[in-house]
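> Letter by letter, the chains look like this.
Protein chains: 4
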Amino acid sequence: MAFRAAVAGASGYAGGEVLRLLLGHPEIEIGALTGGSNAGTALGSLQPHLLPLADRILEPTTPEVLAGHDVVFLALPHGQSAAVAEALGEEVLVVDCGADFRLREPADWERFYGSAHAGTWPYGLPELPGHRDVLKGTRRIAVPGCYPTAVSLALFPAYAAGLAEPEAVVVAASGTSGAGKAPKPHLLGSEVMGSMSPYGVGGVHRHTPEMVQNLSAVAGERVTVSFTPTLAPMPRGILATCSVKARPGTTAAAVRAAYADAFAGEPFTRLLPEGQWPATSAVYGSNAALVQVALDEAAGRIVVVSAIDNLTKGTGGGAVQSMNLALGLPETLGLPLIGVAP
Amino acid sequence: MAFRAAVAGASGYAGGEVLRLLLGHPEIEIGALTGGSNAGTALGSLQPHLLPLADRILEPTTPEVLAGHDVVFLALPHGQSAAVAEALGEEVLVVDCGADFRLREPADWERFYGSAHAGTWPYGLPELPGHRDVLKGTRRIAVPGCYPTAVSLALFPAYAAGLAEPEAVVVAASGTSGAGKAPKPHLLGSEVMGSMSPYGVGGVHRHTPEMVQNLSAVAGERVTVSFTPTLAPMPRGILATCSVKARPGTTAAAVRAAYADAFAGEPFTRLLPEGQWPATSAVYGSNAALVQVALDEAAGRIVVVSAIDNLTKGTGGGAVQSMNLALGLPETLGLPLIGVAP
Amino acid sequence: MAFRAAVAGASGYAGGEVLRLLLGHPEIEIGALTGGSNAGTALGSLQPHLLPLADRILEPTTPEVLAGHDVVFLALPHGQSAAVAEALGEEVLVVDCGADFRLREPADWERFYGSAHAGTWPYGLPELPGHRDVLKGTRRIAVPGCYPTAVSLALFPAYAAGLAEPEAVVVAASGTSGAGKAPKPHLLGSEVMGSMSPYGVGGVHRHTPEMVQNLSAVAGERVTVSFTPTLAPMPRGILATCSVKARPGTTAAAVRAAYADAFAGEPFTRLLPEGQWPATSAVYGSNAALVQVALDEAAGRIVVVSAIDNLTKGTGGGAVQSMNLALGLPETLGLPLIGVAP
Amino acid sequence: MAFRAAVAGASGYAGGEVLRLLLGHPEIEIGALTGGSNAGTALGSLQPHLLPLADRILEPTTPEVLAGHDVVFLALPHGQSAAVAEALGEEVLVVDCGADFRLREPADWERFYGSAHAGTWPYGLPELPGHRDVLKGTRRIAVPGCYPTAVSLALFPAYAAGLAEPEAVVVAASGTSGAGKAPKPHLLGSEVMGSMSPYGVGGVHRHTPEMVQNLSAVAGERVTVSFTPTLAPMPRGILATCSVKARPGTTAAAVRAAYADAFAGEPFTRLLPEGQWPATSAVYGSNAALVQVALDEAAGRIVVVSAIDNLTKGTGGGAVQSMNLALGLPETLGLPLIGVAP
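Protein chains in written order, with this note's numbering: chain X, 1 to 342; chain Z, 1 to 342; chain D, 1 to 342; chain L, 1 to 342.
A few of these clues could be false.
What the hints assert, rightly or not - SDA-like mimics (lysine to any residue), calculated; alpha carbons at most 20 Å apart, straight line:
#1 Lys184/X to Lys181/D
#2 Lys184/L to Ala42/Z
#3 Lys184/X to Gly36/D
#4 Lys136/L to Glu27/L
#5 Lys184/Z to Gly275/L
#6 Lys184/L to His78/D
#7 Lys181/D to His78/D
#8 Lys184/D to Gly275/L
#9 Lys184/X to Pro183/D
#10 Lys184/Z to Gly180/L
#11 Lys181/Z to Ala182/L
#12 Lys184/D to Asn38/X
#13 Lys184/L to Ala182/Z
To be verified - Examples of chain L residues lying across from chain X (beta carbon under 10 Å, computed):
#14 Gly16
#15 Leu23
#16 Asn38
#17 Ala39
#18 Ala42
#19 Ala82
#20 Pro278
#21 Tyr284
#22 Leu311
#23 Leu337
#24 Val340
It is worth saying that the hints were derived from the structure and are not from the lab.
Think of the CB as a built atom: it goes at the ideal place given N, C-alpha and C, for glycine as much as any other residue.
Based on the provided sequences and hints, a complete structural model is requested.
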């Protein structure tokens, strides 16, 4: 194996997903695994699905432990990545699964995260126009948020083709792993099973400025996104329903052609055949993004629905995909295209 | 008990929910129970939760069997209600849980259901302006669809107060019981658990014209509804996320006041305290509709989320509520306000 | 209403279920509601399904707050009930949903709970031989554990009829609400959805001595119970599969007759018709216990399966049922027999 | 790729799982895919998770279509395999995922399946003593049932070591995919979510004689199995709780040693560290079998719990594992050891 990778935050859901994928990656050797309060614990009791790593003991998240790797994945709480990255040196590939380096505008960061902006790194969504080239050879990657991944992939073709007005309405349902592994009463199985509920309504969810940033860049004008996330009774998956007003004269054929063009040659984004709509179960554990689109002629709107696995394409898979580009490896190496269903 | 009620279609989910509620209703005696292919079967094997009716044998759905009751609930496939109702006579209260008599415009019916329009009956959503009075004493009730119930309750206050532009975007998640009890591969537990998927996207769902009808009547102008239903991994519940552009000058306070006013004195619709968002689990088995609202100032949109139980307030509970009005009984009689949670 | 009741521990699942039932009880007025760390919080944010109590503020759990009621329900952590009960006085009916007063043998308590034994109160399972009379007029009730309720109801008829050897094997699946509302990582929705797992294997679960106590009393000899609880991906419900070796000469007819006799006249325990097996969904929110039995002739064993709602018959419903007996009210008053399904 | 494989019954859950694994197998090229009533349909609409095969059209299940492959997987209804296998010729490796060739005793087959016995093929559970050698180079494989896989792996070490009495009690919970993809009312998502229910109680489940056969062969005497399967609200997974009376003098250390010995060197069966119990989520999509064991000293019983994925180790993964042995490939080739969690 050509490269050695460490994972900081290996006990959480993001870190666990990165490890699940790295275990199947032919060019990566797994090095140090670190945890916060879980340092000293065997990984087997925290991530029992990662059998080959069951006996590995989590180390503390320190520069010394993370030193000496070719790649370091950071799956840390927001705000902790900058200090760790700085200590690692510029030649190490640092892949940050957190939010710290995603936003370009310091004001956006300050408004939604309430602290000083750490900077901006190349944004790890290769499917967006112009992004793939920036990721090749980079030594810093900001992994996109899970919702922005689902929504940006769903809407960028419409904006790139000039078919949509710059006001998007998005309602997305996420599996509970998107909320992390820290135990909170509203995330108990007893509370989430059999229930749907919204949160962060009214434009206050932290992923909103990231969607605005991505779509505005493609549209060439400021796009607003009215985003409502909902918590769905499932462990994984995001289903994003995205609605935009169609520009005058837009036809269903033009919409379909825009998506076919935008996804042509892409390994992971798929426009489904007409009449087939995406289900999150079809991408369970896979790095694929399934998309379908319709033109609602009565309402004059384009409706796009995308399905991803929030932990795979939305986090760990997106991270490995960008890592592959940064390391000069084939972009799809080690990444599952096939979901586990039913 | 003052009244005797029959239920046609007692083996399905709608009929079962009507019976669950009638069993707790102090003024209703349960009469004939009928089924289609299940005629001759004991109800206990089909609806094992209705213990007091376990030994009742389903009869065929004929005018003779349904004759002699004060109230007849129809929980039949679309298109079958008109003939049954006609045979029952005008003095019998007929409560149709199907779609046949909901729409006012024959053209809407023909376009979405593909058959001849049977007519229009008083629409059983007492909370809509002007509807309660029409229901008092009526002998025909068209029970609203589950999605139109959730969406109309969520949006009518904004339209009644003149705060919203006439273009609504609605994404709703429904429990699987909304799709009925006829077994189909995509409704298998193996398929729906752990998965979210959309259907009827692009304005083709049959509940769309019903929403348009309700909201246009309140708004006093044609309201378009871009409606996307999604299937959620839960047996019951609808969470409707509704987004409308705010008219210029709309303030968050004005929005909140409009909802407080619209729901004042209502027994089942509740505007939640600020900061608390509805979850479908809180209305599991109850006739309540929980609503919360936010003004997304950056996007200029009012976002309203409502949660109902699709089988209770969305079907059987709504039916009994309107029945109470028609029979001159207290509107809330026999209807649970308290959900079964967690 | 004739009686006033307080609930200590109103923010948890047991307390919430007691309140759900008391809200529908015609002879109970709800008095003080107390919480631990939640004192000072409105109940609406903690138990959003209990709409009529949404504005009630939790008070601290002190003798002063709980004084002046006819009935006090204790839904407190193990070990806290004795002190509270003592302060309330002997004339107050105290219904303890915790374990403190269930066991007769101090050694059992000490071994399984690791503290000093507080005493033994009348055991609130009226269906067990001899128990109903003891509960009439009592002022102290120990509400049984949820698993012992399901298992004792399933097996006592076989032991009462002398059909079973005194070695029971029990595997039970419980909904997650049985594990309470305190957030722990293994109870997160992300962890429990899509997963079954055992815990407390090998005779170490605290409900084991309670089952042994109940079944030994009926059998007239020491019965061992090899009990394995499992956590199932559902909020509510217990399905207990109980297996005992049949005594020589036992016939299927004799087994069936024993259960029919044992449940004759009982309002909540039901032997299902032959060929129909219980599902927990059929008792969702109801106080019923559904039971079916088979004789496995090849293995020489009687297999009994029972289904209850762990929060209703297994906790709050059992508590109210015994309360009714203690207060001289009809035993079934305010208790749902009908589940919420599907 | 060295071998070409056809899959008969590619639209069902077993066939889909075989294909999921073959798509990741480096030595298998996927040839013909056949279906029954689904012949002529694109696989993408039936198995949307198998993206690389989305455009493949199902062919009818005929000898002509299946001819010319090195390996043919049969995922057909019971009773159809013999005729197909005969037409394929003896040099083709036929892997039967159905039950037809699992049982040795014609009387067992006739009693549980009600038709003439087709014969007995090498049984595809390499972990059982003596089985691996038989599978090497064979051209016929009977893939074990999902429950017998979970139960045989859980109990054979205790019998091999002479620690257990020959009367096993087994209660197993299965995900709904074990019941197949043919739509039936009791398998609807509305019915299974939030519910546990037993079926085939009392020794009548068809997998019972298969367990008896496996365990008796290891024990060297007739072992009875009192088996109760239950349907759990999850798509995949089996959790088998197995209880046997310990022979006199059995110690916890001896039990643990027996399992450690039995699993030593095995690639897929794992005895978990003491104190850690298996969860089905940890083997979601993986070919691993996780096992833990306890000695209940009070009851004198050994309790063993195993977790597998019913579709992977329990069907498609077991099939591929045995195929590898038959073809002379490394036993673990193409088989995931790592589950998709959470």
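> Any of the earlier hints contradicted here, and which numbers?
When the structure is compared with the hints, numbers 5, 6, 16, 17, 19 turn out to be violated.
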